[in-house]
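There are 4 protein chains.
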Amino acid sequence: MTSAELGCLETGDLRVSGELICKICQDLYNSGWVTGTGGGITIRSGDAIVIAPSGVQKERMQLEHLFVMSLKTREYLHKPLQALKPSQCTPLFLAAYTCRDAYACIHTHSQEAILLSQIFPDSDYFSASGFEVLQHIPRGSKKNGFYSVTETVRIPFINNTAHESDLHDSLKAAILAYPEACAVIVRDHGIYCWGDTWQDTKMNTEAVEYLFQAYLRSRKIKV
Amino acid sequence: MTSAELGCLETGDLRVSGELICKICQDLYNSGWVTGTGGGITIRSGDAIVIAPSGVQKERMQLEHLFVMSLKTREYLHKPLQALKPSQCTPLFLAAYTCRDAYACIHTHSQEAILLSQIFPDSDYFSASGFEVLQHIPRGSKKNGFYSVTETVRIPFINNTAHESDLHDSLKAAILAYPEACAVIVRDHGIYCWGDTWQDTKMNTEAVEYLFQAYLRSRKIKV
Amino acid sequence: MTSAELGCLETGDLRVSGELICKICQDLYNSGWVTGTGGGITIRSGDAIVIAPSGVQKERMQLEHLFVMSLKTREYLHKPLQALKPSQCTPLFLAAYTCRDAYACIHTHSQEAILLSQIFPDSDYFSASGFEVLQHIPRGSKKNGFYSVTETVRIPFINNTAHESDLHDSLKAAILAYPEACAVIVRDHGIYCWGDTWQDTKMNTEAVEYLFQAYLRSRKIKV
Amino acid sequence: MTSAELGCLETGDLRVSGELICKICQDLYNSGWVTGTGGGITIRSGDAIVIAPSGVQKERMQLEHLFVMSLKTREYLHKPLQALKPSQCTPLFLAAYTCRDAYACIHTHSQEAILLSQIFPDSDYFSASGFEVLQHIPRGSKKNGFYSVTETVRIPFINNTAHESDLHDSLKAAILAYPEACAVIVRDHGIYCWGDTWQDTKMNTEAVEYLFQAYLRSRKIKV
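Chains as they are written, first to last, in the UniProt record's numbering: chain Z, 1 to 223; chain F, 1 to 223; chain Y, 1 to 223; chain G, 1 to 223.
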C-alpha cells in the first residue's frame, strides 16, 4: 500500500480513525449487527469524517476501502482506488454530526430494533425504566449527564423508506425532537447511534442494544 | 507442502479461492451453520471450481483437503493426496453453476431452515416482506437488482432425500422455477445459496439467514 | 511503556494480575456480561488489589488503565497516567475482600440476573437444586467444600441503588447473612461474585451464571 | 518446558494428542459446553490415553496440565508436575474405551441435555427422527454406518449421581444396552460422546448436540 493509494488515510489521526473503523466493523460483525454488509460506521477527526463504504463485508473491511469527506464542504477528501460506492448512510451520519456535534456514528441492523418496531407499531418512541444500563445511556450527549435508573429513557422510532438516503429528513427531525436521545430506531431496519467520541459511540450503541435485549427478554417473562 | 501436493492450488487464482474457502469455512463454523462437518462450499475461477471435501471438520479445513473440478468436463483437475471423499453436494453445486452462472455456492445446515420447514409443511416456498434486509437480497442475480422492502421475496422449499446427491433434480427444478430466488431451502436440512461472486454468495447467505432469523423471532411476538 | 508509566504494575505478581485482568475482561466481554463498559473486575496480590477503571471498554483494557490500591490503607499505590476514574465498584470489591478473604471479585451485568430479579420480585434470595453445576459452586469458599447436586444453593438478592457505591452496605449485609453464598445478585443490574483465587472467581462466576441460564431455560419448559 | 516436565507428552503421537486436547478444550469452551471447568476430554493413542485434569479452566488448558494413563494397566504413565487432580470422568472414559474400542471421548455440560432430561423425566432414552443431521450420527461406531434421515436414533438417559465416578456402572450398562448409540445423556448434567477417532468424536458430539438443539427448537413451534 503506497501513500498514493491511502492518501490522507496514510498517517496521523485519520489513519488511527481508519484502523479503528476496520476493528470496530469486526466487533460489530461478531455481535450479529452488520452481517451481509448491513449497517455502517463513521468516525470524525476535526473537519474530516472517515466512512466505511457500501457493499463491503464488514468483517473484511480494510483501510483501502474507506472514504474521507469534509464535514464543511461535503466534498470527498479521499476515495478508495477500488470502485466502491459511498455508504448510503452518509446523509444520515451527517445529520448526527451537524445536529449533535457527534464525533462518530454507528448504524446497526439489530433484530431487536425490528422486534421493538413490531411490538409498538403505533408508538413515536420506545421507552424503558428500571434497568441499571440506563446509567450508561447519556441524555443525548454525556455533557448533559446520564439517565438514572429510575428515570425513563425515550428512543424515537422513524419509519423505514425504500432508499436509505430518504431517511434523512425524518432522522433529522427525530434528532431535533428528542434532544435527550443518543439513538434513533428505524422501523424493521435497525438503529443509528452517536456519541461525543468514538468510544462513547461504541459504548452508547452497546448500552442501547443491551437495553433492547433486556427489555425484550423481560417482557417474555411478564407476558 | 510441495507444489506436487497442492497441484493447481499451489499458486494463482485457484490458491486464492482455496484460501478463501478455508477462511469462510471457519466463519460458517462460528455462525453455527456447518458444525459436525455439515454443510459445504465451492468457489469458481473460470472453468475450475474449488470444492471443500466431505467429512473434514470445517473449522480445520486446509488447502491440501480441497478438490478442483472442471466445470466443462466434470473431471477432477486436482484431488487431495489424502484419501478424502468429494463433497456429496457437488452435483448440487453444479446445478447452481450451470443454471445461474454463479461463481460460488454455500450450503448451510442452519436450524432456521429446519424450523421454517416445520412451520410451513405444505408450502412450495417461504415468503416474507417488510424487512430492510430484503434490500440486500438479489433477484436471483444482482444483475436483476435487489428486492425493495415492500416487495415479497420467495424462497422455494424442496423435500429432503436419503442421499444428498438425490436432491439434484428437485434443486435444479426449483432453481429454474424460481428465477428470482438466490437460495433454496431443503426441508429439515438447510439451504443452498449462490451469487455472482464469492463475496455476493457470502452476503446473500447471510442476508437470507438473517431474514429467516428475523422472521422467526417476529412470528413469536405476533403469535 | 516505561517503568514510570506502569509503576508497580511493571513487573512481578502485580503485572501478572494486571495482564490477567486485561485477558479476563476480553473473556467477559465475549460472554456478553460487560458490554458498554458495564461490570468490573479486581484481582488481589497480598495487600495490593489491582482494579480495572470505570468507563474503559472492557475488550480494550490495557495495563496502563489499571489502578492498584492497598487493602490495608485504602490508598492508591498506583494510578494510571491517563485521567481515568476508579471503578465505582471499588467499595463493593473491598466488601468481598474483607468479609470473605477473597482474592478476586467479578461484577457482571448479566441479563439473567435481571430476569431472575423480575421473576422473584419479593424474594430475599434465588434458590435452585438438582443441577449438576451445583457441584461447581462453593459454600462461600472452597475451604467449606461444594454443594452436592441434591442440596439447595441460595444466592441473595439486594436492591439496586442510584449510585453503585450506595450498594456497599446492603452488599456487605448480604455477604454476612449468607455465609454459604459466593455471589450476590443486584436486582435489575447484575451479580458480584468472588473466590479464593482468581481462577476460583472466574470459575464461580461461570458456574453461577450457568445455573441462572439453566434455571431460566428449564422454567420455560415447565411453565 | 523441559523434557522432564512433559515426560511422554514431549514428542510424538502423545504430544499431538495433548495439543489437540488443549485446542478442542478451547473450542468446547466457546460452544458453552464446558464453562466453569465443567466437562472433560480424552484422546487415545494406542494403549496410552491422554486426559485433561479436573479443576483447570478449559480455555486455559496447557500441555503441562495433562495426565497420561495406560489403558491396559490403568497406571499413570505421566502426571503433571503441578498438583492437579485426575479427571473425575476417568472411569467413565475408560468405559467408552473398553466397551466400544473408542479412540476419544468428550463430556459436555450442555444445557440442552438438562432440558431434555426435564422434558422426558421417565424415559429410558431420547429419540428423534426426520432431521438431516441423523446422517451424521453413527450407529455406535462408523463401522456400522450412519442413521438415515427416516430412521429413529435413540440416545439413552442415565440418572445423575452425587459423585461423577458413581456414574460408571450405569454408563457402562447404557453403553452395552444401546450398541447403536454413540452417546449417553446424564440427567440434569450433560452428555458423554465417543467415536472411532478424535475427529469422529468431535463430529459426533457436535452432531448429537445439534440434534438436541434442533429438536428443542422444533418442539417450541409444535407445542
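No lab work stands behind these hints, which were simulated from the structure alone. Predicted model, so just to flag it, every value in this text is computed and none were measured. A portion of the hints provided could be inaccurate.
Claimed, not checked - No more than 30 Å apart at the CA atoms, straight line, and that leaves these computed lysine-lysine pairs for DSSO-like:
#1 F:Lys72 <-> F:Lys85
#2 F:Lys220 <-> Y:Lys220
#3 G:Lys23 <-> Y:Lys23
#4 Z:Lys23 <-> Y:Lys85
#5 Z:Lys172 <-> Z:Lys143
#6 Y:Lys23 <-> F:Lys23
#7 F:Lys79 <-> Z:Lys220
#8 F:Lys220 <-> Z:Lys79
#9 Z:Lys23 <-> G:Lys23
Tested hints:
{"no.": "1", "hint": "F:Lys72 <-> F:Lys85", "result": "holds, 21 Å"}
{"no.": "2", "hint": "F:Lys220 <-> Y:Lys220", "result": "holds, 14 Å"}
{"no.": "3", "hint": "G:Lys23 <-> Y:Lys23", "result": "holds, 18 Å"}
{"no.": "4", "hint": "Z:Lys23 <-> Y:Lys85", "result": "holds, 25 Å"}
{"no.": "5", "hint": "Z:Lys172 <-> Z:Lys143", "result": "holds, 20 Å"}
{"no.": "6", "hint": "Y:Lys23 <-> F:Lys23", "result": "holds, 25 Å"}
{"no.": "7", "hint": "F:Lys79 <-> Z:Lys220", "result": "violated, 52 Å"}
{"no.": "8", "hint": "F:Lys220 <-> Z:Lys79", "result": "violated, 44 Å"}
{"no.": "9", "hint": "Z:Lys23 <-> G:Lys23", "result": "holds, 25 Å"}
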